[in-house]
Amino acid sequence: DYYIYYNQYYENTIIIIDNERNIIGSTTIDEPETLLLINPEAEPTNFLIGDFTLETNIIEIELLDQNYNIIQPSNDVKICLNVDQNLDTDKLCLGFLNENKTPPEWECEDKCLSEEDNQVCGNTDHFTNFAVLFDGNADYNCSSSDAYIFSTFWEDFILIISVSLAIFICLLIICVIIAFTPCGRKLVLGSEGYRVYELRSRLNKNTTSLIVDNNPNQLEIDE
17 DYYIYYNQYY ENTIIIIDNE RNIIGSTTID EPETLLLINP EAEPTNFLIG
67 DFTLETNIIE IELLDQNYNI IQPSNDVKIC LNVDQNLDTD KLCLGFLNEN
117 KTPPEWECED KCLSEEDNQV CGNTDHFTNF AVLFDGNADY NCSSSDAYIF
167 STFWEDFILI ISVSLAIFIC LLIICVIIAF TPCGRKLVLG SEGYRVYELR
217 SRLNKNTTSL IVDNNPNQLE IDE
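When the sequence shown is numbered by my numbering, its final residue is 239 and no position is left out of the sequence of numbers.
Read the hints as simulated data drawn from the structure, not as lab findings.
C-beta atoms are modelled at their ideal positions from N, C-alpha and C, and glycine is treated no differently.
All the pointers check out, no bait thrown in.
Computed list of lysine-lysine pairs in DSBU-like fashion (alpha-carbon distance at most 30 Å, straight line): (1) 117 / 107; (2) 127 / 107; (3) 94 / 117; (4) 107 / 94; (5) 127 / 117; (6) 127 / 94.
Ranges between beta-carbon positions, derived for each pair: (7) 36 / 118: 30 to 36 Å; (8) 33 / 86: 21 to 27 Å; (9) 78 / 173: 47 to 53 Å; (10) 34 / 86: 20 to 26 Å; (11) 80 / 183: 55 to 61 Å; (12) 91 / 33: 23 to 29 Å; (13) 179 / 53: 48 to 54 Å; (14) 182 / 34: 55 to 61 Å; (15) 53 / 101: 28 to 34 Å; (16) 34 / 84: 22 to 28 Å.
Taking the hints into account, I'd like the entire structure generated from these sequences.
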């Protein structure tokens, strides 16, 4: 049986229920003024499944415009389905039945599923028959790769070291400029502070010169 939903608003979230009125998933669609047809217990036949096993009902979804023509979404659509929480999500994908092949064949649409409550969610840009597929030999490992800027820890480690070294060198150059150049001192002390600093420096130099010139014990060494 099909359930018909009217998408009146943007970012419309629709709860998917089975024929016994149990909640089995949801979908979030950004297609206002359209109709969404959902068959929560579709039974396509004569398809190839390969190494996959079906972990959910097969959900058939169709989108209709205001003239009841079948269309495809113009934006990505999120589909969430209930799964057994003991399953390894790195071996799960949101699958679709590719009916362009003969016979139709199940393929992964989104291998990087997010977990929301008791559901796993994936994205798609088209509508057909969907289900969550399990592949015991797969290791999509999306959660760990998302934690890195690059694909591995060592690449990220080298990046961090390089950036840290560059920052240290820049700070060292700034300290040298501030400590040993007039422009740096003027920037730190301000115009008035720098003027006072210069006057004190000149005064100290003059005082030292006078002390040396008036020292009676000063020895002159002739070469």
